[in-house]
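S.K.: This is what each chain is made of:
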Amino acid sequence: MEEDGGKFIKIVSAEGMEFFMEKKVATAGSKTMQVMLEGNYRESENNVVRFPDISGPVLEKVIQYLYYLDKNKQLSGRLPEFHIEPEIALELLMASNFLNC
Amino acid sequence: MTDPKKKIIIKPFRSRSHIDRSGAEGILASLDKAINEIHNRNSSRLSFEELYRNAYNLVIQKHGTLLYDGVTNNLSSNLLNTAARLSQVPDSTLLEEVATSFREHVTTMIMIRDILMYMDRTYVAQNKQRPIYELGLYLYRVTVWERDGVQNRVSELLLQAIADERAGFLTDDRSLLKANLAMLQQLGAADGSNVYERDFDGIFIGTTQEFYRNESSLFLAENSASDYVAKAESRLEEEKSRAVALVLPPTTEAPLQQMLEMELIERHAKTLVTLENSGFAVLLKDESKLEE
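Residue numbers (the numbering used here), protein chains in the order written: chain W, 1 to 101; chain E, 1 to 292.
Taking lysine-lysine and the DSBU-like style, the derived pairs with C-alpha atoms no more than 30 Å apart in a straight line are:
(1) LYS62(E) / LYS31(W)
(2) LYS10(W) / LYS23(W)
(3) LYS128(E) / LYS31(W)
(4) LYS270(E) / LYS231(E)
(5) LYS178(E) / LYS231(E)
(6) LYS285(E) / LYS270(E)
(7) LYS71(W) / LYS10(W)
(8) LYS71(W) / LYS24(W)
(9) LYS10(W) / LYS33(E)
(10) LYS33(E) / LYS31(W)
(11) LYS10(W) / LYS73(W)
(12) LYS33(E) / LYS128(E)
By construction, these hints were calculated from the structure, which means they are not laboratory data.
The shape of chain E in the complex, shown without the other chains (with noise of 0.2 Å):
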């Protein structure tokens, strides 16, 4: 080890040039440009050693506060246009385009959490702020998703398709459906709110009941018990695959299934044993239908 006669010698530490207001100001306004660059897909002329030592430096010369709301404030603009455009785009593509545009959001988010990687353990622990990447995604849920013209539309349109479906109509492709299902319950998740929940699932229960409980009344007034078990068996499978095509999660599903049982079966089971001449009372008694 070292001679104990020699003297160590620390080298001053090269304290960094301080940055004041308006410096932090202009290295933001730089950050501002580049984040718009990520948000526009032309990232690769980017150096994130620049971008990340830029965000290091001013979370380090204490102007944190000034970069979290700086970048808060970029990418409420740049939703707010989101949610302009989204808002006008007509009802065949909307579902599709809302998909497109989560799908890139999420990109960029990731991308800007990289870059202000820093920021995020440093800063936001010690203030207890949302994460970059939540706040991204919360951001979304406000400004985009909650948009008027934006939510009520797509509800709507992810309801119609699952009724033409059940009306027979072959939908062209459930990834759409599976897409934009899959992004409340992100932003949900993000966030801690439960607008999958609050938006979807909660009137997707509602109208399933309504629909089966006409259908199922319906039916059994003009057939026979043993053809409306039939039809009733099919419709509990249809449903059952399309939650699992649509990546439903379990919250949905035990509640689904409780309640189809409770109006296909349950609601009918009296009907269905005394109903004359194909009632399950007669058939027990007919032993010669009993192949049936």
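Chain W extracted, bound-state conformation (with noise of 0.2 Å):
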């Protein structure tokens, strides 16, 4: 599914959930999303990008995580607080590896 310009990418976690979320954000944020999204690959083709390792939960609090890096960019100082449960900490670690993000 094309949107105009590319702006938003298709995000599918393991268990087959969409996201959608905004391209610029994705590339500000995660090492490995520039690099997939920027370069010649079928995932910049159709700006749709596939994790069949992460769970959705996981690969949502990813999401959130790249929107808060984006929303708080311009602040220094003290940033506000971004709460991460106890029970995914885990499997967001081997994610953020995995994205370096």
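Take each chain as given, in its own frame, and dock them per the hints.
M.R.: In structure tokens:
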């Protein structure tokens, strides 16, 4: 599904849950996403990214984090808290290692 | 925050299926195929995530060495093919072919580096290996550039092109010279070797010196001092503008400048002053020739 100008990307989790987010927020926050979407690969052709190894709730948290980064990028000093439920902390750690963010 | 009486349950980490050696080799084979596709500029059908994830899993499951060595082998064998092809290419198109092959290699290496980014960050740093991009350039230097039939011919062609320019033949376009010289500098920077100095710079300064030593002596023997000065000036200008156009590094420009001034001016300073009829001493004495 092509958005005009490719501004949004679709992200699909392991169970098939689909999320939409803005491309520039993704590329700004995660080096892996940036390379994936800006290189000559299948992902950049139709703006769909699949993560068969990352579960839905974890992926949702990652996307929230990327928006949190984007919203606070001009702020210096004390940043507002980003809450992480302990139950997903371990999987989230693996995902962030994978995504380099 | 959470109610202290509520137990926090952390899901046991879904341990990934362990990848054994033969599984790892299978994954490596599929990465190998993908790298060949990239090499043939067919990357748009590949899923970055899948390749990245495969490399990531290999490193996490402690097969980093297998992956690193596998990639090194793949690059080496692809480069061997390139080297064999280039050594058969005729002189007339060699400079262009080399410039093109290097440019494509850089593109390929950037893509491979992106896929193997996780390995670069972790395995390479921990084991003090060459990072992937630098590895690619290093392999290019030892496999392609230093191949008999490539390096010697290209160096020769570059020097010949510059000699032609000095003799007054118009070269079609300096961009090929520029591209090849830039390649040498990048190769040297990637692995700390002095390939640019060894295979171009030293010989260039040497042949330039010889050329101007001859030209200046011959010219002065048959022309007046003021004609010589004009000629020397124009040669100095020419060399300077060529150095800029070819983007020669400052480490070349400084010695080059010094050498030129030595050969064109210092060596003949006494002669210029004392030359019969047209030397500076004579000109100064004879006021009627002061305009010159």
